[in-house]
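Peer 1: Given next are the chains, with one letter for each unit.
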Amino acid sequence: AQTVTQSQPEMSVQEAETVTLSCTYDTSESDYYLFWYKQPPSRQMILVIRQEAYKQQNATENRFSVNFQKAAKSFSLKISDSQLGDAAMYFCAYRGRWGGSEKLVFGKGTKLTVNP
Amino acid sequence: DGGITQSPKYLFRKEGQNVTLSCEQNLNHDAMYWYRQDPGQGLRLIYYSQIVNDFQKGDIAEGYSVSREKKESFPLTVTSAQKNPTAFYLCASSIRADLLGGYTFGSGTRLTVV
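Line order of the protein sequences matches chains A and B. For the first sequence, the numbering used here assigns the number 116 to the last residue and increments by one with no breaks. For the second sequence, the numbering used here assigns the number 230 to the last residue and increments by one with no breaks.
In case anyone wonders, no lab produced these hints; they're calculated from the structure. Just so it is clear, CB atoms sit at the ideal spot from N, CA and C, and this is done for glycine as well. One thing to keep in mind: the hints can contain errors.
Lysine to any residue pairs mimicking SDA-like chemistry, simulated, CA-CA at most 25 Å apart [to be verified]: (1) A/Lys55 - A/Gln44; (2) B/Lys173 - A/Glu29; (3) A/Lys70 - B/Gly158; (4) A/Lys111 - B/Tyr126; (5) A/Lys111 - B/Lys130; (6) A/Lys73 - B/Arg226; (7) A/Lys111 - B/Thr228; (8) A/Lys55 - B/Ser223; (9) A/Lys73 - B/Gly156; (10) A/Lys70 - A/Gly96; (11) A/Lys111 - A/Arg50; (12) A/Lys111 - B/Gln157; (13) A/Lys108 - B/Gln157; (14) B/Lys130 - B/Ser196; (15) B/Lys173 - A/Asp26; (16) A/Lys78 - A/Tyr33; (17) B/Lys173 - A/Gly85; (18) B/Lys173 - B/Pro155; (19) A/Lys78 - A/Val13; (20) B/Lys125 - B/Pro191; (21) B/Lys173 - A/Ser28; (22) B/Lys125 - A/Pro41; (23) A/Lys55 - B/Asp214; (24) A/Lys111 - A/Ala59; (25) A/Lys111 - B/Thr202; (26) A/Lys55 - B/Leu216; (27) A/Lys108 - A/Arg50; (28) A/Lys111 - B/Arg226; (29) A/Lys111 - B/Ala147; (30) A/Lys108 - B/Ile176; (31) A/Lys108 - A/Gln8; (32) A/Lys111 - A/Met89; (33) A/Lys108 - A/Ile49; (34) B/Lys187 - A/Gln44; (35) A/Lys108 - B/Lys130; (36) B/Lys187 - A/Lys73; (37) A/Lys78 - B/Thr228.
Here are some of the chain A residues that sit facing chain B, going by a computed Cβ distance under 10 Å [as the list claims (entries may be wrong)]: (38) Arg43; (39) Met45; (40) Phe64.
Input sequences plus hints: build the corresponding full structure.
Peer 2: Written out as structure tokens, the structure reads:
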């Protein structure tokens with residue numbers, strides 16, 4: 001079964017600085033999808049960014065970008081110019097293209113604190 | 117606007133009682149999911165349904181039951197057999213064929229056993 005590991009339970013960053021959240025996953029598939037979700041204090045889950053494994057180019061969405069290292073099975077999230085509104089739980093998730101395609105597998109999350 | 121509605125936002129249950137959490141979507145999504153969230157545990161899958169009148173157990177289905185009689189609705193019943201039901205419950209939906217689309221989530225239900 002696929003697993004997703006977020007090794008940093010908590011992280012903190014100064015406002016306007018850059019922070020990187022780590023995510024590794026275990027899979028035997030060659031094609032799959034990876035996601036980062038944000039859960040602010042409201043607890044509403046928000047999709048931040050997504051990546052298709054067969055695309056080598058790293059996905060970017062404004063201040064959010066990923067470093068996708070397929071061979072290392074690593075999918076880290078970089079937040080540039082951090083803002084107070086970025087404070088939240090961040091969850092990394094995996095979805096297989098063939099096996100396990102019917103559901104997302106989530107990591108345990110990283111709590112990000114943004115200091116003014 | 118299309119979305120997923122979970123109700124109620126807060127729910128209190130006495131020990132030994134069954135309780136049902138509602139999840140309704142008007143996105144025309146075919147797949148629906150229930151996750152449980154506990155501190156430090158991330159999101160754990162309880163049940164999911166890919167089509168009407170069919171559903172599968174997730175990783176922690178014991179003590180829970182679901183039904184999928186309509187495409188729009190996927191209620192979750194927390195039975196008295198669930199030993200530790202106090203948690204935050206999230207419902208989600210997706211388009212089966214759109215694997216890159218991810219999920220759309222509801223706003224959650226906080227269940228507390230009193």
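Peer 1: Each hint should be assessed against the structure and marked as holding or not.
Peer 2: Status of the hints after comparison with the structure:
Restraint check for lysine 55 of chain A and glutamine 44 of chain A: not satisfied, since their Cα atoms lie roughly 29 Å apart, outside the 25 Å limit. Note on lysine 173 of chain B and glutamate 29 of chain A: the hinted pairing holds, with a Cα-Cα distance of about 23 Å set against a maximum of 25 Å. Between lysine 70 of chain A and glycine 158 of chain B the alpha-carbon distance is near 23 Å, which keeps this suggested pair within the 25 Å criterion. Between lysine 111 of chain A and tyrosine 126 of chain B, the direct Cα distance comes to roughly 23 Å. Compliance with the 25 Å bound is thereby established for this hinted pair.
At roughly 32 Å between alpha-carbon atoms, lysine 111 of chain A and lysine 130 of chain B are farther apart than 25 Å, so this suggested pair is violated. Only pairs whose Cα atoms come within 25 Å are accepted, and lysine 73 of chain A paired with arginine 226 of chain B is rejected, the gap being roughly 34 Å. The straight-line distance between the Cα atoms of lysine 111 of chain A and threonine 228 of chain B is roughly 23 Å, inside the 25 Å bound, and the hint therefore holds. As the CA atoms of lysine 55 of chain A and serine 223 of chain B are separated by approximately 32 Å, the hinted pair breaks the 25 Å bound.
Of the pairs offered as hints, the one joining lysine 73 of chain A and glycine 156 of chain B holds, with about 23 Å between alpha carbons and a cut-off of 25 Å not exceeded. Only pairs whose Cα atoms come within 25 Å are accepted, and lysine 70 of chain A paired with glycine 96 of chain A is accepted, the gap being roughly 14 Å. The suggested pairing of lysine 111 of chain A with arginine 50 of chain A holds, with an alpha-carbon distance near 19 Å, which does not exceed 25 Å. With a C-alpha separation of about 12 Å, the suggested pair lysine 111 of chain A and glutamine 157 of chain B falls inside the 25 Å cut-off, and the hint holds.
Taking the CA atoms of lysine 108 of chain A and glutamine 157 of chain B, the gap is about 5 Å. The hint holds against a cut of 25 Å. This hinted pair checks out: lysine 130 of chain B and serine 196 of chain B have alpha carbons roughly 9 Å apart, not beyond 25 Å. In summary, the hint linking lysine 173 of chain B to aspartate 26 of chain A is supported, as the alpha carbons are separated by about 22 Å, within the 25 Å threshold. For the hint linking lysine 78 of chain A to tyrosine 33 of chain A, the alpha-carbon distance of about 18 Å falls within 25 Å, and the restraint holds.
This hinted pair does not check out: lysine 173 of chain B and glycine 85 of chain A have alpha carbons roughly 36 Å apart, beyond 25 Å. A hinted pair counts as satisfied when its Cα atoms are at most 25 Å apart, and lysine 173 of chain B with proline 155 of chain B qualifies at roughly 22 Å. Of the supplied pair hints, the one linking lysine 78 of chain A and valine 13 of chain A holds, its CA atoms being roughly 12 Å apart against a limit of 25 Å. Annotation: proposed proximity of lysine 125 of chain B to proline 191 of chain B holds, straight-line Cα distance about 14 Å (limit 25 Å).
The straight-line distance between the Cα atoms of lysine 173 of chain B and serine 28 of chain A is roughly 23 Å, inside the 25 Å bound, and the hint therefore holds. For a cut-off of 25 Å, the pair hint linking lysine 125 of chain B to proline 41 of chain A stands: about 14 Å separates their Cα positions. Only pairs whose Cα atoms come within 25 Å are accepted, and lysine 55 of chain A paired with aspartate 214 of chain B is accepted, the gap being roughly 16 Å. Between the alpha carbons of lysine 111 of chain A and alanine 59 of chain A the distance comes to roughly 22 Å, so the proposed pair stays at or under 25 Å and holds.
For the proposed pair lysine 111 of chain A and threonine 202 of chain B, the alpha carbon gap of about 21 Å is at most 25 Å, so the pair holds. Among the hinted pairs, lysine 55 of chain A with leucine 216 of chain B is consistent with the structure: their alpha-carbon atoms are about 12 Å apart, no more than 25 Å. Our distance criterion of 25 Å between C-alpha atoms is met by lysine 108 of chain A and arginine 50 of chain A, whose separation comes to about 18 Å. Only pairs whose Cα atoms come within 25 Å are accepted, and lysine 111 of chain A paired with arginine 226 of chain B is accepted, the gap being roughly 20 Å.
Between lysine 111 of chain A and alanine 147 of chain B, the direct Cα distance comes to roughly 29 Å. Violation of the 25 Å bound is thereby established for this hinted pair. Straight-line distance between C-alpha atoms of lysine 108 of chain A and isoleucine 176 of chain B comes to about 15 Å, which keeps the hinted pair within the 25 Å bound. Straight-line distance between C-alpha atoms of lysine 108 of chain A and glutamine 8 of chain A comes to about 9 Å, which keeps the hinted pair within the 25 Å bound. As the CA atoms of lysine 111 of chain A and methionine 89 of chain A are separated by approximately 4 Å, the hinted pair is consistent with the 25 Å bound.
Between lysine 108 of chain A and isoleucine 49 of chain A the alpha-carbon distance is near 17 Å, which keeps this suggested pair within the 25 Å criterion. Proposed proximity of lysine 187 of chain B and glutamine 44 of chain A is supported: the alpha carbons are some 23 Å apart, at most 25 Å. For the hint pairing lysine 108 of chain A with lysine 130 of chain B, the CA-to-CA distance comes to about 29 Å; that exceeds 25 Å, so the pair is violated. Among the hinted pairs, lysine 187 of chain B with lysine 73 of chain A is inconsistent with the structure: their alpha-carbon atoms are about 36 Å apart, more than 25 Å.
With a C-alpha separation of about 36 Å, the suggested pairing of lysine 78 of chain A with threonine 228 of chain B is violated against the 25 Å cut-off. Restraint check, arginine 43 of chain A versus chain B: the minimum CB separation of about 5 Å is within 10 Å; hint holds. Evaluation of the methionine 45 of chain A hint against chain B yields a held restraint, the C-beta minimum of about 4 Å falling below 10 Å. With its C-beta approaching chain B no nearer than about 14 Å, phenylalanine 64 of chain A sits outside the 10 Å limit, and its interface hint is violated.
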